[in-house]
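Asker: Protein sequence lines correspond, in order, to chains A and B.
Residue numbers for the first sequence, in this note's numbering: 1164 to 1297.
Residue numbers for the second sequence, in this note's numbering: -9 to 363.
I should point out that these hints are in silico values taken from the structure, not numbers from a laboratory.
From the three backbone atoms N, C-alpha and C, an ideal C-beta is built for every residue, glycine too.
Check each hint, because a few of them may be wrong.
One side of the interface only, derived from the structure: several residues of chain A facing chain B at Cβ under 7 Å [unchecked claim]:
(1) Q1166
(2) S1170
(3) P1181
(4) N1183
(5) Y1191
(6) Y1194
(7) Y1210
(8) D1215
(9) R1231
(10) I1236
(11) A1251
(12) R1266
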Amino acid sequence: MLQVAASFDLFPLLFSRPSNVFWPFINYPMYRFARYEGAVIERFRVYGQTADGSEVEVTPPDLGLNFRKFQDIAIGALRHQDMPLVEAFAEIYQRKTGTRLVRIRLERDGPILTRNGLEPGKRVQLAAVSLRAR
Amino acid sequence: MIMVGAWERYWFKKAPLFDLGFVRLVVVGVELYHLAMLRPRAVFGQLAALPDFLYSPVIAMRLLTLPLGWGYRPSADAMVVVYWLTLAAGVLAFVGYRTTLSLIGFTVGSLFLQAFEYSFQEVHHAEAIVKIALLMLALSPAGGALSVDDLLRRLRNVDRGLRIPSDPLSGESRLARWPLLVVRWVFALIYLSAAFHKLGASGFDWMNGWTLQYYVLQDALRWGRSVSGSGSAYAVEPGLGVWIGEYHTVATVASWVSILFESTFWILLVVPRLALLALPIGVGFHVGIYLIQRAPFLSFVWLYAVFVPWSEVFRKSGQWLARRISPPVLRYDPLSAPSVRHATLVRYFDWFGITGLRATPPAEEGAGANVLP
């Protein structure tokens, strides 16, 4: 019964909690969204501006995260402008590297899926946030 | 009443304990291998170093640590201790010593370790069914065959007067079928869930070819030749998927095959004979995903063991072998308890049943060179 509820997304309906919380009884929604010709195979990059104006790329190890956590949590926070979370990550960055960031921006690039194979895509800035001085 | 009877017969029909015991070896073996490959200090040290705001325990973690508080967060040292205890319980569960107890210990330990890892807002799917299978085995007579417990029980029977070395494939129980059936149903539900989400979110567009091309290329570019989730992403060397992902027609056909496979796998539970068709497709499906997208769902392939009637496979293979080789003959003296014990021990490891048994008192056989003492 638990796996039936998990498989068909009944847990969020019954308990108002995401399915993942009920692991190992979980749903399997991976790769569910259709994509079409011209889709950008997204790759996100995070850049931080330091107090002296220079820019550095922020990578998962800089925050002590693996790629998944970096992509889902840190980049997710930037995309949704979740400032408390972004500031918390900036603090971790400062603790780990000794560099204080004053501004963070998120860029997306990646190749485009076409009939003739992959073609280079453009860089797009998705978000930019200024951080409070600490 | 008819429905109740049918329900009882379905779940609790007598089934060979050997099948359950063999699945125990596979599931515990796979999980033990997975655990043994970990470097506990590094893995749990990294997790323990993550900030508190990332810690959001899954329900399993909350329940397992309930006596210590609802949001209790164990230290790296505690996790390393649990790791070694789990590994020890796993070895016992594998060999089948105090099987129920060691399986419970191994299952709880494995759940705890994995639940801790997944309590930092990152949950993966490949391990879930292994944990569910372990849970089912822990609640079943999984030590009823292919275990030290079973061997000791058979030897005790000899001491009580049994004078025939028992067949390791013999032994049935009304409780030997349901755990395997539950895991089979979980398989069906997992595949149905995958198809349900794809078709629910995208309809038939999911099979347009572009979708699969996109995900194959995304994973191949992201993970390169590393297994998904391991190593640093965007490796210099892209994976095999970059080449495969160029072929739109291949992707379209593969999309249809995937959806058909996922949405119809449950039929296997109604028509078990379809296993001969469905399981090889499933093996190809998961091995293909592993090679092309580097998604490590190989535990699914191992767990297909629950669909195989192992006692029948070994018995038939043994009959086939016996026709082609000259089968060894195991002579024993039925009047001697030590001889029957030794013969029982030797026969216990003859899963193919190719050893011929011959009760031969040494006096009648003369030299008795082949007679077990």
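Asker: Compare the structure with each hint and give your call.
Answerer: Verification of the supplied hints:
For A/Q1166, the interface hint holds, the least distance from its beta-carbon to any beta-carbon of chain B being 5 Å, beneath 7 Å. Evaluation of the A/S1170 hint against chain B yields a held restraint, the C-beta minimum of about 4 Å falling below 7 Å. Of the supplied interface hints, the one on A/P1181 is violated, with its beta-carbon coming no nearer than about 9 Å to a beta-carbon of chain B, more than 7 Å. Annotation: A/N1183 was flagged as interfacial toward chain B, and the flag holds, the nearest CB pair being 4 Å apart, inside 7 Å.
A hinted interface residue such as A/Y1191 counts as satisfied when its beta carbon comes closer than 7 Å to some beta carbon of chain B; here the least separation is about 4 Å, so the hint holds. At a threshold of 7 Å, the smallest CB-CB gap from A/Y1194 to chain B is about 5 Å, leaving the interface hint in force. A least Cβ separation of about 16 Å between A/Y1210 and chain B goes past the 7 Å threshold, and the interface hint is therefore violated. Interface restraint check: A/D1215 against chain B, minimum CB-CB distance 27 Å, threshold 7 Å, status violated.
With a least beta-carbon distance of about 5 Å to chain B, the hint placing A/R1231 at the interface is held under the 7 Å criterion. The closest approach between the C-beta of A/I1236 and any C-beta of chain B is roughly 6 Å, which is under the 7 Å cut-off, so the hint is satisfied. Proximity of A/A1251 to chain B holds as hinted, the smallest CB-CB distance being about 6 Å (cut-off 7 Å). Evaluation of the A/R1266 hint against chain B yields a violated restraint, the C-beta minimum of about 22 Å exceeding 7 Å.
Of the numbered hints stated above, those contradicted by the structure are hints 3, 7, 8, 12, listed in ascending order.
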